[in-house]
Amino acid sequence: MEFIHDIFFDYTIRNVALGSSILGIVAGAFGSFAFLRRESLAGDVVAHSALPGIVLAFLLGFFITGSSSKNSLVLILGATITGFLSMHFSSRLMNISKIKSDSSMGIMLAVFFGLGIFLLSLIQRRNIPGKSGLQDYIFGSASTLTHSDVNIILIFGALTLMSLFIFWKEFKLHTFDRTYAHSLGFNSKLLDTMMVSSIVIAIIIGLQSVGVILMVAMIVTPAAAARQWTNKLSTMVIISAFIGLVAGLSGALISASVQKLPTGPVIVLLLVLIFVISILFSPNRGLIAELIKNIARKQRIRLSLVLVDLYQLKIHHNDDYNVGHSAKVLLTMHEQKFNVRKSLIILAELGLVRNMNGDVWVLTDKGLKKAESILLTKGELI
Amino acid sequence: MNSHQVTVNNLPAVEINDLTVAYNEKPVLWDIDLSIPQGVIMGIAGPNGAGKSTLIKSILKLVKPIAGKIKILGEDYDKVRKRIAYVPQRSAVDWDFPATVFDVVMMGTYGQLGWFRRPGKIQKALAFDAIQRVGMEEYADRQISQLSGGQQQRTFIARALVQNADVFLLDEPFAGIDAKTEKSIMQIFRELKGEGKTIIAVHHELITLSDYFDMITVLNIKIYASGKVEDVYKKEIIYEAYGGHFNFSQNESILD
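Quick note, the sequences are listed as chains A and G, same order.
Reading the first sequence from the start, the letters are residues 2 to 383 in the working numbering.
Reading the second sequence from the start, the letters are residues 870 to 1125 in the working numbering.
There's no promise every hint is true.
[Unchecked claim] Keeping only pairs whose Cα atoms sit at most 20 Å apart, straight-line, the calculated EDC-like set for lysine to aspartate or glutamate is: (1) A/K99 to G/E894; (2) G/K1091 to G/D902; (3) A/K190 to G/D947; (4) A/K233 to G/D963; (5) A/K294 to A/D310; (6) G/K933 to A/D193; (7) A/K170 to G/D965; (8) G/K990 to G/D1010; (9) A/K190 to A/D360; (10) A/K233 to G/D947; (11) A/K233 to G/D965; (12) A/K329 to A/D310; (13) G/K938 to G/D1010.
Source of the hints: derived by calculation from the structure; they are not laboratory data.
Model, not experiment: these values are computed from the prediction.
All chains should be modelled from the sequences, with the hints used to inform the complete structure.
So, in structure tokens, the structure goes:
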């Protein structure tokens, strides 16, 4: 009870809860689009490349004003600039050389992140007040969120969510089929810019809490998990936002209440848990559902094989209606690696064959028709 | 605009003059002159890499030409955009996208709606009509990843039908589809032609060319011939355009 009381009244915990809830929702919602646009790696590049921007913006602020305020807006601006720059450079690199997109993005990620770490270690040796907080941007620390940080997350989050609501139809169309969208009069460059900017904002507002290294998980994982549960874009975005909310909020609260526990890793572990559950247990796309479907399919193939074999024996021997064949004969017809007798029992339950006596089986009228139609259509099963 | 009007003017559906397109300095289309009259079913034929898709995309201003002028129904593309419907290649999209057949066909109404406006009852009715027209009503609520190739193609065509356009541009509508879909697409083409509409479709298979289309353009970077099937579907023209890429022994008989 005290904890719930704290969420509303304790300054730090309230900030943590509010800030991480919003960023969870925004990252989850826009993560769906990044996921469907196959831009997950691009998201990772933006997040990592934000680090030098943050450090440079901090340094610039320090040299200009002489004091080291960690004004979030300035840091966000710096992060956005280097984030975009690295994306821009990687697409330039792709255009002027024969390097493929994954490699060029990988290179830019390493270059920018390396630069960020380098700058951070330079700062460590100088006597600049407030420098210690910058380290938190690597793995994230939700407990450092101030009231004004939360306001910034709130404003940017609300703006991007609003744009998602207003341009829902256009975003959906563009994500599915950009050339067709363009042919309908929806400028694809403009829509690209709008969507990429939204995704970048969703990433940047999460950096302080989740950190540059693991922020990509907030974008990709909820979307990948949500895709398992639905075949409808709107539902997917809602589920993804909800997963982001749950993981962001609980992860941030857990890390804020345990000393020196960085937020990013906690959130990622929670997300992975949700993701694994989704991959395994979702009703249509889940691995277990798939496994059950495969077992059932194989069963149908076996049953069909036995039925057709019985039919062919009957044709071959020009049988009368009542003459059956033994399972032993059926066994030798193919090198069947499954239990023919068990299949015959199931076929009997389905009313397709009949047991004469002991080991002898005969097709029923229904079984005869079924076997003929299986042979006729190719690929039809029981 | 009354889109059901049967065309009275004699303007060509598409008029292309001196069109040249190049990707990375390699010409894909070279000095194309082409006039496609209204109310015909025109097949654009040619070997792989002939620039067939690029021609369609140039008409739609999806690629930027180096030189040339294109008029559609006598106007600039931007002016008549709403009278043109485009059916991209099936492979151009991710069919595992979370959407149903109905969702995809609804997208055909977005062009008329423009920015901001949301589809309502009228648009839903239009989408359902189009789905019925391609014989997909049973599958309206089916997830698109569970469609066969033919069903995917019919979904795409339904999406274009919703646009109620006068000129239809299709990229390989007959590639990898079943006989039922083939028939249903041909039926729709003929109906559209009967309404005075123009169908322009990229097609790379020679054998079926003369069955599907009443006019043919033979393209391989430049235009080798364009006109009525009986004038264009000739051995020497096809040989010349297809060069070494054409398997003579198999298809020779159909060209005689």
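These are the hints, each one checked on the structure:
no.: 1; hint: A/K99 to G/E894; in the structure: holds, 16 Å
no.: 2; hint: G/K1091 to G/D902; in the structure: holds, 9 Å
no.: 3; hint: A/K190 to G/D947; in the structure: holds, 16 Å
no.: 4; hint: A/K233 to G/D963; in the structure: holds, 14 Å
no.: 5; hint: A/K294 to A/D310; in the structure: violated, 24 Å
no.: 6; hint: G/K933 to A/D193; in the structure: holds, 18 Å
no.: 7; hint: A/K170 to G/D965; in the structure: holds, 19 Å
no.: 8; hint: G/K990 to G/D1010; in the structure: holds, 17 Å
no.: 9; hint: A/K190 to A/D360; in the structure: violated, 72 Å
no.: 10; hint: A/K233 to G/D947; in the structure: violated, 33 Å
no.: 11; hint: A/K233 to G/D965; in the structure: holds, 11 Å
no.: 12; hint: A/K329 to A/D310; in the structure: holds, 12 Å
no.: 13; hint: G/K938 to G/D1010; in the structure: violated, 42 Å
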